[in-house]
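With chain E's structure known, arrange chain R on it following the hints.
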Amino acid sequence: MKTVQRATEDVFTAIAHPLRRELLNLLAGGEHTAGQLAAPFAVTRPAVSQHLRVLLDAGLVRERRDGRERRYRLDPDRLTVVRDWLASHERLWRLRLHALGDYLDGQEQP
Amino acid sequence: MTTDVRSNAPGDHDAIDLEAFYPHPVELVWRALTEPAALATWLMTNDFQAKVGHRFTFRTDPAPGFDGIVRCRVLDCEPPRRLAYTWRGMPELPETIVSWSLEPVPGGTRLRLVHSGFATDPALAPLRDLLGGGWRSKLLAITLPDLLGRLAAGSRSQGAP
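Those sequence lines, one after another, are chains E and R. So in our numbering, spot 37 of the first sequence is number 39, and the numbers just go up one at a time. So in our numbering, spot 104 of the second sequence is number 709, and the numbers just go up one at a time.
Don't take each hint at face value.
Some, not all, of what chain R presents toward chain E, calculated at C-beta under 7 Å [stated by the list, open to error]: (1) Thr608; (2) Val610; (3) Leu623; (4) His629; (5) Ala637; (6) Trp647; (7) Leu648; (8) Leu718; (9) His720; (10) Phe723.
Since the hints were derived computationally from the structure, they do not count as laboratory data. Where a beta carbon is used, it is the ideal one built from N, C-alpha and C, also for glycine.
Isolated chain R (complex conformation):
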């Protein structure tokens, strides 16, 4: 069945906030988020462990300018409700944070994903304020080949049975 994915914060420039409902028990969803073999089938190969402080990586095919490694560290782990880890694509890129929360609801699980820290640096605030609405809409968009599109494509091919 096709999953309905909703955004709680469209247009936010600091965070992605997505929510999805799965007609499955919260324990099963938790296992899919925390068992390395399961994670590998829908996200990327990894050496994840559900232990706060554990450093791990997600790995996919390298691409020009990207070594194919996402560097992570577990920040929060509260089975089967909350999980958070850092997420850094390349050492030069800022460290962002991926947070999962799972809520049992009638008929299944509501899963919320917040990926934050894209522009949190307070030192950039005056500049952002000055750019104002232009930050989101007015400025000419630069067409960037999509690093994470490649990342997704890589994990899709790895995820095939």
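If we strip away everything but chain E, and leave its shape as in the complex, we get:
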């Protein structure tokens, strides 16, 4: 099983690539077929499929079959990892700022 940290990295890796961000932005406008997604880009369709695969693996995009076509839609829930990532840092810093206070108090005791 994937660790959750691994899954978080997958999301950041997925959104790190400009073409994948463009795909996400397209999908933010609604469901698209693979062909519709490939159309705006000057890269081969297999290349677009590969990027879609990264997004699917990261859980950012869902796929369904519709007759002979595959349709893709955004699953925005996974983007909350960015928010959760920030929240975990905030908890860390609050703890550390308290620890800094304890450290400073210890330095000035006679």
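Frame of chain E; chain R shown alone:
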């Protein structure tokens, strides 16, 4: 004494902005932020040097998916008032920025910490706009085991005398 920590930007999804008052002179707080031995007691073991451009790491216990190393580079150092460095937990994660500012106030020092860059990528802006308020509140929260909670726990055990 218990430190009162306030947030200047609650609900922001790009930056953490915290402020704390310490009843100690600014020079002492500066030393706690810049002397490796002092930093190790309240944050993490490190090879920090107060020199712009210096690359250093904070180290704690590794955990699954995390090698225990925070990679940093000094961006700004203006004793005893300003200090900033980059902060990257894993090579795959985005580089964020930790900025400290120290202000002498009656009876002590006001310390402000801004940790930014969590969602600054402008290419993500259209997507964020579309998600709108949902980004902050509507979406179902995913329960993530807390990488940095472990990080904090690790540094707590290392910080014990």
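Point to revise | Numbers of unmet hints, in rising order | key: Every hint satisfied by this model.
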